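Protein sequence lines correspond, in order, to chains X and C. Under this note's numbering, the letters of the first sequence match residues 1 to 117, in that order. Under this note's numbering, the letters of the second sequence match residues 1 to 111, in that order.
For the record, the hints were derived by calculation from the structure and aren't laboratory data. Please note: incorrect hints may appear among the correct ones.
[As the list claims (entries may be wrong)] Sample of chain C residues facing chain X (criterion: CB under 10 angstroms; computed from the structure): (1) Gly16; (2) Lys17; (3) Val31; (4) Ala42; (5) His48; (6) Asp51; (7) Asn55; (8) Ala92; (9) His101.
Note that this is a predicted model, so its numbers are computed, not measured. Every residue, glycine too, gets a C-beta built ideally from N, C-alpha and C.
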Amino acid sequence: AQSVTQPDIHITVSEGASLELRCNYSYGATPYLFWYVQSPGQGLQLLLKYFSGDTLVQGIKGFEAEFKRSQSSFNLRKPSVHWSDAAEYFCAVGLLISSGSARQLTFGSGTQLTVLP
Amino acid sequence: DAMVIQNPRYQVTQFGKPVTLSCSQTLNHNVMYWYQQKSSQAPKLLFHYYDKDFNNEADTPDNFQSRRPNTSFCFLDIRSPGLGDAAMYLCATSRYQQPQHFGDGTRLSIL
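So that you can see chain X by itself, here it is in the shape it has in the complex (with noise of 0.2 angstroms):
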């Protein structure tokens, strides 16, 4: 069965700063992966995902992740965080289901993230 790990329960960073969400799989195939963001009290909200191709990934709001299927990770990235996203992150692989019609989310546990002014 699939699974996703996020290593980091809880980051903290000062604004302005770069980050980094680690992220491993564990998928016996070519996973399709995502990357979701949770502020308090809200639902998910996407900001990218990678089915194939460049495994360099753009989303919104400024974030990137990369694939690297030796590591089997897809860690985000971010050059200068702001304020604003101070939020929980999850990391998702998706699995067909439904006779390949729909997609199942295995999330990782989520990592906390902190932004110090």
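Given the structure of chain X, go ahead and fit chain C onto it with the hints provided.
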């Protein structure tokens, strides 16, 4: 704007009293999902509808049911809520296997 709307945002019910959570979408997506997210945990898929076909996860308790009367609406029914069912319930939609769009969730409290 096209979106996924969950009502109510906050729901309080009594132990054992049935409760229904609502989700509607204007995206015209054919797949709708219900997730349970307990405090400080990742969302966990309960079930999904592919069009009218209901698909239950193996470990979803029998206490949880769902209805999808049409493309736009999907309901989560909890027949006899226990204290362990207190959580955020997230509805999501997708067009086939495309990325899922989430609503803002309903936070359920059990008294």
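Each hint, compared with the structure:
Taking 10 angstroms as the C-beta contact cut-off toward chain X, the hint placing Gly16(C) at the interface is violated, the least distance being around 26 angstroms. For Lys17(C), the interface hint is violated, since its Cβ never comes within 10 angstroms of a Cβ in chain X; the closest pair sits about 24 angstroms apart. Using the Cβ-Cβ criterion of 10 angstroms, the hint placing Val31(C) at the interface with chain X is satisfied: the shortest such distance is roughly 5 angstroms. A cut of 10 angstroms between beta carbons decides the hint on Ala42(C): the least distance to chain X is about 4 angstroms, and the hint holds.
A distance limit of 10 angstroms between C-beta atoms decides the matter here; for His48(C) the minimum to chain X is near 6 angstroms, and the interface restraint holds. Given the 10 angstroms rule on beta carbons, the hint for Asp51(C) holds: about 9 angstroms separates it from the nearest Cβ of chain X. Given hint, Asn55(C) at the interface with chain X, holds; its Cβ is 6 angstroms from that chain's nearest Cβ, closer than 10 angstroms. The restraint placing Ala92(C) at the interface with chain X holds, with a minimum CB-CB distance near 8 angstroms, inside the 10 angstroms limit.
A least Cβ separation of about 7 angstroms between His101(C) and chain X falls short of the 10 angstroms threshold, and the interface hint therefore holds.
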